Amino acid sequence: MAIIEEPLALTSGEAATAERPLGGLTRPQGGNGWRDWLSTVDHKKIGIMYGVSAMFFFVVGGIEALLIRWQLAAPEGQLLSAEVYNQVFTMHGVTMVFLFIMPLAAAFANYLIPLQIGARDVAFPRLNALSFWIWISGAIFLNSSWIVGGGGADCGWFCYSPNSGLAFSPSHGVDFYAIGLQIAGIASLLGAVNLIVTVLNMRAPGMSLFRMPILTWMLLVTQFLLLFALPVITVALFLLMFDRLFDAQFFNPATGGDPLLWQHLFWIFGHPEVYIIILPSFGIISEIIPTFSRKPIFGYSFMVFSGIAIGFMGWGVWAHHMFVSGIGPFSVAAFSLSTMFIAVPTGVKILNWLATMWGGKLLFSTPMLFAVGAVAMFTIGGLSGVTHALAPADTQQTDTYYIVAHFHYVIFGGGVLGLMGGLYFWWPKIFGHMLNETWGKVHFWIMLIGFNLTFGPMHVLGLQGMSRRIDTYSPGFGFELWNMVATIGAFIIALSVLVFFYNVWRSRRDAPNLPAPGPDPWDARSLEWMIPSPTPEHNFDEVPVVESEDEWWHRKYGYDENKRVVRIATIEEVAQDGSAEGVHLPAPSFWPLVLALGLPLIGYGLIFNLWLCVLGGALTGLALYSWALEPVDDPDADHGHDDHHDDDDGGDDDAAEPEAVTSGAEGGE
Amino acid sequence: MATATIDSPDTHDDHDEHHATSTGISNTKLAMWTFLGSECLLFGGLISTYLLYKTRRGPGPDNTAIPTDIFDIPFTSVSSFVLLMSSLTMVLALSALTRGDNAATRAWLLSTAMLGSVFIGGQVYEFTGFIREGVGFTHNPASSAFFTLTGFHGVHVSLGILMLMSLYVASKQGKLTPKHTETVEIVGLYWHFVDVVWIFIFTVIYLIPVD
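Taken in sequence, the protein lines are chains A and B.
Heads up: the first sequence at position 368 corresponds to 368 in our numbering, and the numbers run straight through without jumps.
Heads up: the second sequence at position 119 corresponds to 788 in our numbering, and the numbers run straight through without jumps.
Simulated from the structure, these hints should not be mistaken for lab results.
The structure presented is a predicted model; accordingly, all values stated were derived computationally and were not measured.
You may find that some hints are simply not true.
[Said to hold, decoys possible] Footprint (simulated), chain A over chain B, 3 or more residues, beta carbon under 8 angstroms: (1) 696–704; (2) 800–810.
[As the list claims (entries may be wrong)] Part of the chain B face toward chain A, derived, beta carbon under 10 angstroms: (3) Thr690; (4) Thr692; (5) Gly693; (6) Ser707; (7) Leu710; (8) Leu711; (9) Phe712; (10) Gly714; (11) Leu715; (12) Thr718; (13) Phe740; (14) Ser813; (15) Phe816; (16) Thr817; (17) Ser835; (18) His861.
Even for Gly, the Cβ is constructed at its ideal location relative to N, Cα and C.
Let's have the full structure, built from the sequences with the hints guiding it.
This is the structure:
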């Protein structure tokens, strides 16, 4: 924050730190320690907070997974009662999807999108902070049901009716599920709006859409999926909440409600959600593989268009989750076909990654190991996915461990391994030091082995007929061996995560004694590598003018007369040194945090006492208007230099009020 | 975002409509369009729910009435007309601000908010009437879906009224000047969207006959 501790006077001569006109907090000026983090609007700090919180919930969800596996290690497991077991597997799924993978992808999106398109921040920095705070308040709200709600939700992560109704789930767990996910959904929706505008509007000169790195493209598609999928789950969650808290009649079959409605609404969201989870990883893989193959990505436009195609087709396959719900032979046939079709663009991506590696000078550093591991594991998961597209086979596999195996290969194998590779790849850019390579490789191999030991045997268990979500099983069905193997594998995965944390700690400890990584330790290709590591607060000293895809690579390499690649500049010659001073950055603000605190209050109010809603609503409203009336020293408010300093208007916040209005529209839903 | 002393000109303050963004559309306007895209799916989900449930009376002799049995189409047609007219006054407010006519801007903003309020008043009247006649929110799937769909729309109109009144107060304080036309335009986008959604809802609930 050093850069803005002494803010520049605006050109009009007005002090940049005018008093906020509405009482309460003054606009913070950065500063130090925790206040800096609580009030930051810097996309990089927000990205780091997303990442750290996501890893925390990875541990929470991981512990829940270990409880499940401990219970199932041998027949007649006694560790958890059936009720608690239901809560644990539900919260494991919800935590891993909504509180780990999505925010970890959001961490990459926040940190990297502005850097990859050559921008100084996202389009709406305060809104970005708001997204994070709302998400974390939703996450804490959701998990607080363990303490104040009489246990976690116990209806499975897709929470089918009528299991989710009061009759079968009388504790408050499902209420916390419905409201907590809505709060987290608001966060993702605001983030999606913000990042879509950022990508479309804030690209550096020359950064046309088809010069953007694949990661930015895949994240853009992800944001569009979030934008359109979240309102659908919002509707479903509202209906569920009205049913449970206000006696509405949506899902109770006894009074004419239709449980299938929930299934449709959930999966219209839920299947795009699968691509929301996997596409960021695809983007990361598409950055890592070319870098470590020393070749440009094979078929750039095919990669982009297959990502877009997945985004579109992802909306036409949801009912393959419902083949045994009695939706009729015509629907089953149609969704069966569309599900097979969506394997095509995914296959294009896999073949393009392989073609990128083909003939390349492969360097198996840790990020590359994770990326290749992710492609291999995703391929296995994708193939078992195609077997689900065949409705007759799927009928046999539904609700067995075969499904559990499939989606863990896709989400853990394809998603988490890719994101882990991304952590190793961008760690030096984010923290200014490398992660230890040896320990990184140890991490990778342990994780890969543990992963396959855990989820590989589940294919067999599923085909043998073991149901998912049963809290225990009797001896003599032939389930013993593979369950034991899977449990051992789960603990090996846990070990690999510990190795990762050890590596983080150790690499940080060793960093001062090692040479600094410099701007571009991997000799990579996109714009974020032309600025120092760690990224300076203002990102770019000078916003680069982009002339080609893989701009940064082309600044380092050219072609000789025989069309062979030759180095034309060293990194030091063409990288920026981060020395720019006096860059005017968006001022921090506490209001996003205050606003986010209001939402869980409303949530608790809906469940326990409606007066709390009034309190939470008042806090939210106060924060919205205070936000809008914050001083103009804020690029988020609508100001230019010669704007709004005319004599005729009081001069303090003429541009800010309108912001109230748009924020109201966005935050109020 | 930032304006650096050493910046090249095109990085200045991308947020401002007077400066170039990559698409030429200002960030706030693009954000509103994006957000409205998301809203389409929200109302899509609610309308689908209503379509599925509109004739579900539920069991039991007390729960037989559904909204389509008792609604008053002429009444709702009038209040729909009022809401649609508010789109006209919204446009007039924008046009007045563009001309720099602050008094007219306020007058039209206020009349837009008033027309919206009349619509909301009509909805409250309709809701209480339904409840008096025994078609409450919890009665059967059809009434739950009806109240949820129209209620969500009502909340959207109410938020729009709040925005309009915020603009009105800003204008009263002299803070709404012709250079803020885009802000009024963006609020207008939201307002028109809410109106357009009502056309669909009105058609689905009141005009398409239930057999």
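Hint by hint, here is what the structure shows:
Here the segment 696–704 of chain B counts 7 residues with a CB under 8 angstroms from a CB of chain A, which clears the bar of 3, and the coverage holds. Beta-carbon proximity to chain A at under 8 angstroms applies to 5 residues in the segment 800–810 of chain B; the threshold of 3 is reached and the given coverage holds. Below 10 angstroms, beta-carbon pairs count as interface contacts, and B:Thr690 has one with chain A at about 4 angstroms; its hint therefore holds. A least Cβ separation of about 5 angstroms between B:Thr692 and chain A falls short of the 10 angstroms threshold, and the interface hint therefore holds.
Hint status for B:Gly693 relative to chain A: holds, with the closest Cβ pair at about 9 angstroms, below 10 angstroms. The restraint placing B:Ser707 at the interface with chain A holds, with a minimum CB-CB distance near 5 angstroms, inside the 10 angstroms limit. Annotation: B:Leu710 was flagged as interfacial toward chain A, and the flag holds, the nearest CB pair being 4 angstroms apart, inside 10 angstroms. This hint holds: B:Leu711 has a C-beta 4 angstroms from the nearest C-beta of chain A, less than the 10 angstroms allowed.
The beta carbon of B:Phe712 comes within 8 angstroms of a beta carbon in chain A, closer than 10 angstroms, and the hint placing it at the interface holds. A cut of 10 angstroms between beta carbons decides the hint on B:Gly714: the least distance to chain A is about 3 angstroms, and the hint holds. Taken as an interface hint, B:Leu715 checks out: its beta carbon lies about 6 angstroms from the nearest beta carbon of chain A, inside 10 angstroms. Because the beta carbon of B:Thr718 sits about 6 angstroms from the nearest beta carbon in chain A, less than 10 angstroms, this interface hint is met.
A distance limit of 10 angstroms between C-beta atoms decides the matter here; for B:Phe740 the minimum to chain A is near 19 angstroms, and the interface restraint is violated. Given the 10 angstroms rule on beta carbons, the hint for B:Ser813 holds: about 4 angstroms separates it from the nearest Cβ of chain A. Restraint check, B:Phe816 versus chain A: the minimum CB separation of about 8 angstroms is within 10 angstroms; hint holds. A cut of 10 angstroms between beta carbons decides the hint on B:Thr817: the least distance to chain A is about 7 angstroms, and the hint holds.
At its closest, the beta carbon of B:Ser835 sits 5 angstroms from a beta carbon of chain A; the interface hint therefore holds under the 10 angstroms criterion. The beta carbon of B:His861 comes no nearer than 13 angstroms to any beta carbon in chain A, farther than 10 angstroms, and the hint placing it at the interface is violated.
In this structure, the earlier hints numbered 13 and 18 are contradicted, and the remaining ones agree with it.
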